[in-house]
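S.K.: Position chain B against the provided structure of chain A, taking the given hints into account.
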Amino acid sequence: MTLIYDRPISGPKTHVLILGIGRFPHMASANLGACVDSAKAMLDFVYAKRDQFLSPLATIECLISDPSVDAGQDQVAKTDVQFDPRTDQGVAAGTASNVTAACRAWMSRCQPGDSLIFYACTHGVADRTERGLLVLEDYPSSRFNPGEQLLDVASLARNVAPFTSAASVWMFIDACQETRPELLQLKEDVKAVEPVVVNVMQSVKCKVDTLALISSRFGNFARTKKSGVAFFTQSIIEGMSNNLVEQKAGKWWVTGKLIQHGLQLTALAKFGYNLEPSGLTSFMQDKRLLSIDEPVVPLLITSRPETFLANSTAAHIREDAAPNSILISKPPGTPEWRCHLPLVRQMLRVHLLNVTAEHNEPFYCEAPGIVLELRG
Amino acid sequence: MSEAGLRQYTFRIVEDDVARLVLRHINEIFTTSSILIGGESVTAVDAYPGEYIATLESLSDERRWSRQFRLTLPLDGQLVVLPKNISARKSHQPHSGENRPSEERKYFHPGEKPMKLLARAHYGSRVGKPPRERKRPGFSIGLSAAQAGIHHLTDLVGKLRVEIKSYERRITVNLIPLDLDWNAGVHVTLKVDELPPVVVSAPIFSGGVTINFTKQVEKPDLRVSIEPSSLRAKALVAALSGISADEAVSIVEWAQATTSTADDHPDYWYATSAALLLIKTRTISTELARWMLNLARRAPSIPDAAVVAAWASAVIGDDPAEVEDQVLHHLVTARRTGRAVFSAGQALAIELLSSLRSSAIDEKVQRAAHNELKEWLLIRNHTIKSSAFQIWEQPGQHIKRKAPGHIIALGEIGDNKLTMRRPPHP
Chain A
1 MTLIYDRPIS GPKTHVLILG IGRFPHMASA NLGACVDSAK AMLDFVYAKR DQFLSPLATI
61 ECLISDPSVD AGQDQVAKTD VQFDPRTDQG VAAGTASNVT AACRAWMSRC QPGDSLIFYA
121 CTHGVADRTE RGLLVLEDYP SSRFNPGEQL LDVASLARNV APFTSAASVW MFIDACQETR
181 PELLQLKEDV KAVEPVVVNV MQSVKCKVDT LALISSRFGN FARTKKSGVA FFTQSIIEGM
241 SNNLVEQKAG KWWVTGKLIQ HGLQLTALAK FGYNLEPSGL TSFMQDKRLL SIDEPVVPLL
301 ITSRPETFLA NSTAAHIRED AAPNSILISK PPGTPEWRCH LPLVRQMLRV HLLNVTAEHN
361 EPFYCEAPGI VLELRG
Chain B
1 MSEAGLRQYT FRIVEDDVAR LVLRHINEIF TTSSILIGGE SVTAVDAYPG EYIATLESLS
61 DERRWSRQFR LTLPLDGQLV VLPKNISARK SHQPHSGENR PSEERKYFHP GEKPMKLLAR
121 AHYGSRVGKP PRERKRPGFS IGLSAAQAGI HHLTDLVGKL RVEIKSYERR ITVNLIPLDL
181 DWNAGVHVTL KVDELPPVVV SAPIFSGGVT INFTKQVEKP DLRVSIEPSS LRAKALVAAL
241 SGISADEAVS IVEWAQATTS TADDHPDYWY ATSAALLLIK TRTISTELAR WMLNLARRAP
301 SIPDAAVVAA WASAVIGDDP AEVEDQVLHH LVTARRTGRA VFSAGQALAI ELLSSLRSSA
361 IDEKVQRAAH NELKEWLLIR NHTIKSSAFQ IWEQPGQHIK RKAPGHIIAL GEIGDNKLTM
421 RRPPHP
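Heads up: the sequence lines are chains A and B, in that order. Residue numbers 1 to 376, in the working numbering, belong to the letters of the first sequence in order. Residue numbers 1 to 426, in the working numbering, belong to the letters of the second sequence in order.
Here chain B stands alone, though its shape is the one from the complex:
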């Protein structure tokens, strides 16, 4: 367990109800509990990945119910905290345990052992599946939005993927991973129509994060927006939304102002991401280039800042031979400082080195650039490829039919029973 580390899982029950969720690890080594409030609110619970016995108990005075089921909290193979969504949803169709349809009896046997239940959920049999007309919204535990029966609703190509799950009439917003190698405290706010906004931590791994909104929406003019909740997120969100050159300059000027004043805690990460954004939009004035060079001096621990400085020195330099030396020096410094945090930083460094390798005046610089390029490529190939900037580096990545991750269980919570069904084909 220690090697896996705590992760944050988000739970939600949809109907107006209040319930207590108790998660008990099957090996009895970890137990946690939380109160879930119905509606649109979500509750974050820190837990270790693994197999749990979950108990969901209603705290409502009107209808008391409780469920116990086995739950797998996914590992996802990462060592860093990764937010995941688990939404638990009560059925909208009330029916009592006594009047339970016989088809569902076939599918869910009261008193069935949790392990058997889980196995059935995973490998379930077609025989016991409830007929289609009885299919109701249920709860899902998901790592990915790449489900069947979806379609793209907006033209936010490469930014957000908004889907209506056709069989549930639910809106799913799949926020693609931002351009970070680690969770740098970047939060964004997602808004769908007039629904309450959801603040999420920026996803950093290839699965992204999926936010489910439970509203019946079929209209084409669905308004979905993503807003930065912090300065750090501002540049990255701008990268997601296909920013214009003028907008990029305004973002950088803001970053310039915050890092140039006597601010006690200037956010150099924000400034670096803003500078990368500016380079990407190819609108670097001499004045901003000087600020970029200064940024690298003030933030020597950020490798991407050195890449920014390399780019800036090429913009303001006069003597080609001297510029080539400076560029190479900055890029070597960047690599020695550490792995570039932003994939855009990597891409820009590789672009400069590729150019130096073939065009440098001095053959020594050419050879050094060639060797340095191999180092950068080696690092890049061992980096998790997931980012907002990545959509420029590897077009089309985000619309793969099969995204990493999979739905591990689907089910319905009704009165006195939990019905699980086979997950969609991954």
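So that you can see chain A by itself, here it is in the shape it has in the complex:
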């Protein structure tokens, strides 16, 4: 376990645990650089937003298994000279023992009223009871119990809040829920790593819901490239940076509701990804994560037929109340128009000029984003 950021803060604070596991010595073909790139992108994001969280960022714990280096050589650049307790840039690898210890250390740092954020990017599998299980670096080093190197992330999501008395728990898991024959054929239950277990009485008395989103549904894959930031991570960072916001007490806040319900639209409007995240827990509470000063929402405009938009001589976004204003103009020739708009919460208008006709399309600019299809 490696603490890479440790800032002393009085009052409620946020503790972050990030896992990026892309090296699998026992399954070399499964090595995936995107897991490490995604974890580093999330690390940069939480560090950049350290003072914008509802409870300011206090600690970051990070485990990395980088397939481009040998075991023991994993590194993460220093985030902050003042608050980085490390002597060098080394971090521990995401083995089962390290992950268990890191999860427990992360939970033990949490005081009542603090917030917890967990992020993991690795391979994932699911067993017959549809649990989300994360594949850790040393999987499968034990032939007798393959579950020893799998992290039961559904159990973690269920048990963290009752165990820690945290004010809010946020978990983002970028992993598949692939069904593997070796797990499905097991007669007994898969004994996966559960860093914490609470009994059913503690569980039902807990008043805090955990928001736990995983990037795939049961039996499905989470898509990514070989390297670079994975699609789900890219979308969640984009959404939490810009548009998954609600206005509360005069400020724009990234909230659990918008993360849950706006992520797919964000991915579609901003990147064209068709994400299918699922929840590991039931979450319905009104929780705030971090504030954004000037939110912007993604806008995707397409047309049917495609040539209607592509062949337009001019296309602008205008204010509905001021038809002569131009907020943004479309570059020529493209059949899809992606752009960002400031979150103004008012009627705007797409004004399209073709050789033969003029087209006006009103829309309301609001979070989490806008997807428009013009009809030719």
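These are calculated hints, taken from the structure and not from any lab test. Hints may be right or wrong, so weigh each one.
Derived contacts from chain A toward chain B, CB cut-off under 7 Å, selection only [as the list claims (entries may be wrong)]:
hint: 1; residue: 78
hint: 2; residue: 79
hint: 3; residue: 81
hint: 4; residue: 97
hint: 5; residue: 98
hint: 6; residue: 127
hint: 7; residue: 130
hint: 8; residue: 155
hint: 9; residue: 194
hint: 10; residue: 196
hint: 11; residue: 197
hint: 12; residue: 201
hint: 13; residue: 203
hint: 14; residue: 292
One side of the interface only, derived from the structure: several residues of chain A facing chain B at Cβ under 10 Å [as the list claims (entries may be wrong)]:
hint: 15; residue: 131
hint: 16; residue: 154
hint: 17; residue: 241
Ideal Cβ placement from N, Cα and C applies to all residues, glycine included.
M.R.: Just chain B now, kept in the frame of chain A:
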């Protein structure tokens, strides 16, 4: 036909007019008729899904007209009555048959056989499509609001989807399905601005129900509200609208009052849905937990009530080993009673069993919980996933671009003609 069963379809003509609608099944095995009154009123007609020859005949003294066209009433693959909307709308642009534009002649040929007309409507050719400037509001037969050219207007994320169909300037309210496996007589009232309210039966399948309001609205402060028309709907509507913990308690206290008094017909379904809502908001006092246990005793035929009891027994119990036994017993009872009606009931049962499986003190309870969990998952995976509570279980489900269902026909009714055009791409 018998296997399909009668369904309720809603018809409407928009302009002030009165017309008779006669639906005649193409196999002559079923005929029904109804009077449609123009404006905002809707008329429900019970019919079997299938192919019909529809005759629409004006009863107005001023302008007599009649249309005959082929109509497909969709099946939607369900065996239970599902309300659907069919709105028929007369054109706002009057023009006589003699002065019909030549472009439309290409598209609609007087005397064309119904089958040919239908085929054209489905597979229509671009050649015959009227030019854009002639596109007018028409009638639509729809199962889904997932049309192109829409945008979200309100911030009622996950509750109601309000859309302006950009090409028609019509408001569409898509009410997502409530948390029911069957139509339990739940009705809700939808209001859009000052328009007359519409009472609809709660949709129970994944397509939801779409209500079209024909008012030109472009303003951002459009007021859309959904109100429960019954106690049963109250808890479910509360679930839709992101209720606070205090509001949940007040709803449950009302349910508690109605089931605790000497009421001859206490509504246990309402009480159960209210209890589930309370559990979801995680605000269970000991007193309410006792009421929940009592509820399960008084409503032994409702499986969800047993799930509620399992949760309640964990709240008020002292001895962990004893509590784990009780919880497991209630959950087994629930499954043996039948399939959970509310998806929230399923989710809560699975949550408890997942917890028991890994944390139960007794290994026998652990194993039993593991086996029971597999049973519940099996049941869940064979359940139609559609509910208000579902938005917590599967976030983002409701904003899929492609919702199930599709527009099967679009068209315009003008004087002496019916023009159909190709439906939007599903």
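S.K.: So, for every hint listed, does it hold in this structure?
M.R.: Results of checking the hints against the structure:
1. 78: violated, 36 Å
2. 79: Violated: closest Cβ of chain B sits about 30 Å from residue 79 of chain A, beyond 7 Å.
3. 81: violated, 39 Å
4. 97: violated, 20 Å
5. 98: Given a least distance of 22 Å, the restraint on residue 98 of chain A is violated.
6. 127: Constraint on residue 127 of chain A not satisfied, violated at 10 Å.
7. 130: With a closest approach of 6 Å, the residue 130 of chain A hint holds.
8. 155: holds, 6 Å
9. 194: holds, 6 Å
10. 196: With Cβ-Cβ at 10 Å, over 7 Å, it is violated.
11. 197: Given a least distance of 5 Å, the restraint on residue 197 of chain A holds.
12. 201: Holds - the Cβ of residue 201 of chain A comes within 7 Å of chain B, reaching about 5 Å at its closest.
13. 203: holds, 5 Å
14. 292: violated, 16 Å
15. 131: With a closest approach of 8 Å, the residue 131 of chain A hint holds.
16. 154: holds, 7 Å
17. 241: violated, 19 Å
Going down the numbered hints, you'll see the structure goes against 1, 2, 3, 4, 5, 6, 10, 14 and 17, while the others check out.
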